[in-house]
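Q: Sequence:
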Amino acid sequence: MTQHDPRSLPPLPPPVPGQVLPYMTPGVSGTGVVCPKCGCPQFKAVSFTWWGGVLGPKLFSHVKCLNCRAGFNSKTGRSNNTAIGIYIGVSSLIGLVALALFIIAQIH
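Counting in the working numbering, the sequence shown runs from 2 upward without gaps.
There may be inaccurate statements among the hints.
[What the hints assert, rightly or not] In silico DSS-like links for lysine-lysine, alpha-carbon gap of 25 Å or less:
# : residue 1 : residue 2
1 : Lys59     : Lys38
2 : Lys45     : Lys76
3 : Lys38     : Lys65
4 : Lys45     : Lys65
5 : Lys45     : Lys59
6 : Lys65     : Lys76
7 : Lys76     : Lys38
8 : Lys76     : Lys59
Hint data in this document are derived by calculation from the structure and do not stem from the laboratory.
Please model the complete structure; the sequences and the hints are all you need to start from.
A: This is the structure:
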């Protein structure tokens with residue numbers, strides 16, 4: 002049995018915010034949160050991202066809308082872009098400090 006690539010399917014029609022259509026299932030949180038971009042209540046948890054690996058999406062309750070593929074916080078219904086930026090900045094800074102300490106230790 003072959004699986005269909007969801008990117009090859011046409012986009013779903015935009016729902017009325019809060020409306021659950023027959024082809025939709027409620028969001029994973031069950032709190033009535035909908036996608037901030039299209040208002041769709043159907044989304045799934047993200048298990049891995051380029052910016053946070055496995056840990057980042059869990060820290061920020063990151064989910065992806067199954068209609069428009071926008072990422073957002075499943076608890077607040079808002080974008081995680083600010084949190085992602087801070088996460089990348091702090092992670093980069095920690096990595097640079099660790100690299101500098103390693104280089105200094107190799108010199109001495």
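Q: Does each hint hold? Answer for all of them.
A: We went through each hint and held it up to the structure:
With a CA separation close to 21 Å, the supplied pair Lys59 and Lys38 stays within the 25 Å bound. In summary, the hint linking Lys45 to Lys76 is supported, as the alpha carbons are separated by about 13 Å, within the 25 Å threshold. Proximity of Lys38 to Lys65 is assessed by CA-CA distance (about 11 Å); at most 25 Å being required, the pair is judged to hold. Distance check on the hinted pair: Lys45 and Lys65 sit about 6 Å apart at the alpha-carbon level, within 25 Å; holds.
This hinted pair checks out: Lys45 and Lys59 have alpha carbons roughly 12 Å apart, not beyond 25 Å. Of the supplied pair hints, the one linking Lys65 and Lys76 holds, its CA atoms being roughly 13 Å apart against a limit of 25 Å. Simply put, Lys76 and Lys38 have alpha-carbon atoms about 15 Å apart, close enough for the 25 Å limit, and the pair holds. The straight-line distance between the Cα atoms of Lys76 and Lys59 is roughly 12 Å, inside the 25 Å bound, and the hint therefore holds.
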